[in-house]
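Novice: Each protein sequence line maps, in turn, to chains A and B. The first sequence begins at 3 in our numbering and counts up by one. The second sequence begins at 3 in our numbering and counts up by one.
Watch out, some of these pointers could steer you wrong.
Which copy? The list can't say, so a pair holds if one copy fits it or any two copies do.
[Unchecked claim] List time: in silico DSBU-like cross-link candidates among lysine-lysine, alpha-carbon distance up to 30 Å: (1) K26 with K210; (2) K241 with K40; (3) K241 with K210; (4) K229 with K241; (5) K26 with K134; (6) K223 with K134; (7) K26 with K6; (8) K26 with K40; (9) K223 with K241; (10) K134 with K40; (11) K134 with K241.
Worth flagging that the hints you see were computed from the coordinates, not collected in a lab. Since the model is a prediction, treat every value here as computed from it, not as a measurement.
2 protein chains.
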Amino acid sequence: MTQKRLAFLGLGVMGYPMAGHLAKAGHALTVYNRTAAKAAQWVAQHGGSSAPTPADAARDAEIVLMCVGNDNDVRAVATEALGGMRNGAILVDHTTASAEVAREVARAAQARRVEFLDAPVSGGQAGAENGKLTIMVGGDAPVFARAESVLAHYARAVTLMGPVGAGQLTKMVNQICIAGLVQALSEGINFAQRAGLDAERVLDVISKGAAQSWQMENRGKTMVADKFDFGFAVDWMRKDLGICLDAARGNGAALPVTALVDQLYSRVQARGGNRWDTSSLIRLLRDK
Amino acid sequence: MTQKRLAFLGLGVMGYPMAGHLAKAGHALTVYNRTAAKAAQWVAQHGGSSAPTPADAARDAEIVLMCVGNDNDVRAVATEALGGMRNGAILVDHTTASAEVAREVARAAQARRVEFLDAPVSGGQAGAENGKLTIMVGGDAPVFARAESVLAHYARAVTLMGPVGAGQLTKMVNQICIAGLVQALSEGINFAQRAGLDAERVLDVISKGAAQSWQMENRGKTMVADKFDFGFAVDWMRKDLGICLDAARGNGAALPVTALVDQLYSRVQARGGNRWDTSSLIRLLRDK
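If we strip away everything but chain A, and leave its shape as in the complex, we get (with noise of 0.2 Å):
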């Protein structure tokens, strides 16, 4: 493996990791977070440099790899990285955003002449942790090529999804797909608590067969001790919901039980459960 001058912006609870496995690595790093003192502990815990500005941190880097929180996170911390980046460098966009702004970063590279990619990834904070996370990819084929040893470093899977945008849609695809069955599975866990089994020794047998998912075979348990202490936070479902929904305004996508679950999750966070994890809608089926 060649080592690689790098930069890493956003040291939140996915980014601080995934920088970490970059320099564990061996690659040249050089990071930026909004609140200082963080890039100033993740230095002190694995080398390399830390920067005051986006634009610092990214000077002379190969690869710019970012992890923030929203579309304007991404606005602002993409526009002040590709201030201070070289000619065909790349910009790789971990966070989940609207594949809206991914284009617009990616037109705002090119007048720069610098590469993009959109790559969000799954997998939670314990995928950031251990080095597995999946990583769904937007963007030119030659450039993904260029970038995809450096995500490998952090990925179970690395896949380039088609052009720049496709990653964040795949991203959203799979968010769809869980909100309903969470809220299925939600469903069956509190019927059969009602109704008298006992919901555990259901769960084992009908996840050997159609009914099965990994929400089940996760959270299944948790969910029938009402423990939602596992990660991915309801606000965060919100936040990509809310983008679901606006990209199939513009793609004529019906969305009913996904609309419907975002709003259910309105409730989980009026009750509080704002960092809940995302299983936490059956606690709107309790009566407490």
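Using the hints, position chain B against chain A.
Specialist: Showing chain B alone in chain A's frame:
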């Protein structure tokens, strides 16, 4: 294995192959079917004998198994069968029906010193044919112990879920989990296609993560291809969801997405999709 005298009532797409597995295992079978020609065909293929009424078929059997259409069929056939059954024999109902009718038949059986198990199956026609059904049983443990090895001839798993009715309630949980999940998958695939993505590739990628489900892996590609000839039909799903919704009125479980999907299936029926498989929900999202 001890050879047993058995009766099988109802030789539909499920019962016909299930009874066949019992014959191949060496049990002495008497079969009954409402349309007698089907029973004659079964005897020609498998040996054993047929009887003109449920009571005649059941007369000498140690275990009487049945698989018919709906609650009313269960009431009618079980009542007739009980009229002929010996003291201490066991009546096993494989029909997907309400827990209420299971309890009703169990009471009628007890009055005649006959044991009863409700034992709905999942795994569909393919599972019945290759002997790999999942059987969810309600009843008393000693009765279950006597019947278990017989049911095992056509099952991958036979599990006692609780008292009479618990088999049916477990099957309902299974159907509730499937209904919303299939709608979510439909919305995801349709979104992917309208967004211009390669939907098959999207499914390959996201099925490695938290959106994964049996339905995604086994029906995703046929849904993309607009093919709906893969087993469990919309008419049967609506029957089952009707049972779920009735039961939920009794136990207080809210089923908002399940109820919505039941309504969506009524629209599939209105388009002539009575015998399309359950994944045909996606057709409602398409412009045809």
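Novice: State for each hint whether it applies.
Specialist: Each hint tested on the structure:
| no. | hint | verdict |
| --- | --- | --- |
| 1 | K26 with K210 | between (40 Å within a copy, 26 Å between copies) |
| 2 | K241 with K40 | within (24 Å within a copy, 57 Å between copies) |
| 3 | K241 with K210 | between (33 Å within a copy, 23 Å between copies) |
| 4 | K229 with K241 | within (22 Å within a copy, 34 Å between copies) |
| 5 | K26 with K134 | within (15 Å within a copy, 48 Å between copies) |
| 6 | K223 with K134 | both (23 Å within a copy, 26 Å between copies) |
| 7 | K26 with K6 | within (13 Å within a copy, 66 Å between copies) |
| 8 | K26 with K40 | within (18 Å within a copy, 69 Å between copies) |
| 9 | K223 with K241 | both (26 Å within a copy, 29 Å between copies) |
| 10 | K134 with K40 | within (23 Å within a copy, 55 Å between copies) |
| 11 | K134 with K241 | within (23 Å within a copy, 42 Å between copies) |
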